[in-house]
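**Q** In case you want the letters, here they are:
Number of protein chains: 6
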Amino acid sequence: MDEFDSYRAEMNERLLAGNHRGIKRFFALDTQAYEGGALDKRTKELMGLVASIVLRCDDCVTYHIKQCSSEGVTRAQFLDAFNVALVVGGSITIPHLRRAIDRLDTLLEVEGQQPVLEHNHE
Amino acid sequence: MDEFDSYRAEMNERLLAGNHRGIKRFFALDTQAYEGGALDKRTKELMGLVASIVLRCDDCVTYHIKQCSSEGVTRAQFLDAFNVALVVGGSITIPHLRRAIDRLDTLLEVEGQQPVLEHNHE
Amino acid sequence: MDEFDSYRAEMNERLLAGNHRGIKRFFALDTQAYEGGALDKRTKELMGLVASIVLRCDDCVTYHIKQCSSEGVTRAQFLDAFNVALVVGGSITIPHLRRAIDRLDTLLEVEGQQPVLEHNHE
Amino acid sequence: MDEFDSYRAEMNERLLAGNHRGIKRFFALDTQAYEGGALDKRTKELMGLVASIVLRCDDCVTYHIKQCSSEGVTRAQFLDAFNVALVVGGSITIPHLRRAIDRLDTLLEVEGQQPVLEHNHE
Amino acid sequence: MDEFDSYRAEMNERLLAGNHRGIKRFFALDTQAYEGGALDKRTKELMGLVASIVLRCDDCVTYHIKQCSSEGVTRAQFLDAFNVALVVGGSITIPHLRRAIDRLDTLLEVEGQQPVLEHNHE
Amino acid sequence: MDEFDSYRAEMNERLLAGNHRGIKRFFALDTQAYEGGALDKRTKELMGLVASIVLRCDDCVTYHIKQCSSEGVTRAQFLDAFNVALVVGGSITIPHLRRAIDRLDTLLEVEGQQPVLEHNHE
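Residue numbers (the working numbering), protein chains in the order written: chain A, 1232 to 1353; chain B, 1232 to 1353; chain C, 1232 to 1353; chain D, 1232 to 1353; chain E, 1232 to 1353; chain F, 1232 to 1353.
Honestly, I wouldn't trust all of these hints.
When chains are identical, the list treats them as one kind, so a pair holds in a single copy or across two.
What the hints assert, rightly or not - DSBU-like mimics (lysine-lysine), calculated; alpha carbons at most 35 Å apart, straight line:
1. Lys1272 / Lys1255
2. Lys1272 / Lys1297
3. Lys1255 / Lys1297
Rather than coming from a laboratory, the hints here were simulated on the basis of the structure.
Since we're looking at a predicted model, the values are computed, not measured.
Input sequences plus hints: build the corresponding full structure.
**A** Here it is, written out as structure tokens:
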């Protein structure tokens, strides 16, 4: 995850350092889109997560998992969001969900949360 | 909108009447995915709406607009959701957003809400 | 369906009449791809149908439904193919499946086949 | 085409009238992206056209055909662009190319250009 | 390939261990979709392969190559399926086809089949 | 980049060595599509680059970056093309743009060009 973060930061910087006005403005819009407004930040991050899964972008999924986690989204809520994405996007999203659960549990472990599986038997 | 609803109902029925077990179960899963659970129904419908916009499916957008509206999502919140979808999915979603705002306002008008544009000047 | 066929034929002709070598060759490749070879034509048309559904192209779906029907694919087999596409591609394909079953039944009716729903109760 | 233009204008206005800052800024970015810069406007419109075809958005294709035509792109050049899009995006783009050539020729006819097919036999 | 299998198994287990009813049912549906019914398993796996290529999911392609191979699909038939996917999905699928042929030949080699290239010169 | 090139060459060869007529012809069409015609090669490579970004195919992006660079496309022009792709395709393309700028600068460095960032402050 650290490697992901530093590569991401370095390359974003390089994209922005070119001083292309359009790219810089797009990055600003991207940041602002998830700030609280008529809808709160947590809802927006969850929407960003589901959009990233159905569009099947691993890096975007990783990013929104981190943001959602900061907003207090629980493991059970992540699974609920994964399920909506799975139904909308189909089995083609499953490889991305495998990588998503892997990263989510890595993140929860780092944060000292119990990454362990919930056994709330049906 | 009524025409959309009746065509939708008739063809869903025809797809299900074939008694294909897989198709019937998928439709059941699809319904259950948006029921309240770890995340509430309103959040799930908003996630379904954004997923539908970035995947650019007009009928799915129409369906989730209606569901979100039933869950009390306001026009300003719809615009906020549209904005997240627009940033994630790019300008290619704009024609779908044009049709979305058209249907949203038709729906609000039918429901006697003021479909009028908000003039909360920045 | 007739309208679809004549528009399709007229515009294909116009695309080809420009005598663009690449476009003409692509159209030839497209035709050849479904001819019997290591795999038979029927299997290839079924693959084309499923690919068209998951990529969500109504006109392509209509075209492959007709081709599959000519190759003797039955209504029950169509539903089985629709189900694979639905699971792979997710609920976002459902509006396309609604239009697909509509066209399939129109086609079966025209051909004097019983378009009626099968009641092979589980 | 006129109907397309007026619907487009009316709904864009309604999307923007909500005064959602993000949506307004995105629309501004979208306009600026095609202005001449390191690359000229004509090249950018051609890139927008090909992107619209491979992403299979009819309204976007119509829009960029008009813009490209204003920039002096000829019918033979349009076919060359269509061919790149066809090779990159595959046969799934063909229904969109049929509608594209239809609109292109309508546009050329309106503009008094000869919409007729070129017979530069290979 | 072994590494792929074990990661796949471990993460599927973790996705399912959360006991999310929807995710579990979707996984069951996914398995059932490829079982023989109105269409036989081999045809369905071939449809799953082509769908995976046009949707450009490497892990899904690897999975369906293995399933197809178990169903007796020959190398020449795989190439025929690749060709349908290539024509439908365009050149954007080529990087996936490169990885597909790599994995297919690895699989054939492991199984003691001649992974060698067929020289059935046209 | 060398590793990319050799893997690409080896696997293309293997795909073609199967002597599947359709695959061979598609590869020929793919090459011809970018040759100068009504539009020049440079414009076509730029269109191929933007199409590859919005369809989010890293290998295709790498390939077209090399081709564009051979055609004399400058770093500022690449950023302009990236921006069009970013606006059309949305933030979901950003991870691909990060990898694109990384490869572009590697390529420019190898070629002895100054890979350094342009500081043409707005």
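**Q** Work down the list of hints and note, for each, if the structure agrees.
**A** Checked hints:
| no. | hint | verdict |
| --- | --- | --- |
| 1 | Lys1272 / Lys1255 | both (22 Å within a copy, 20 Å between copies) |
| 2 | Lys1272 / Lys1297 | both (13 Å within a copy, 23 Å between copies) |
| 3 | Lys1255 / Lys1297 | both (23 Å within a copy, 25 Å between copies) |
Comparing the model with each earlier hint shows no violations; every hint is respected.
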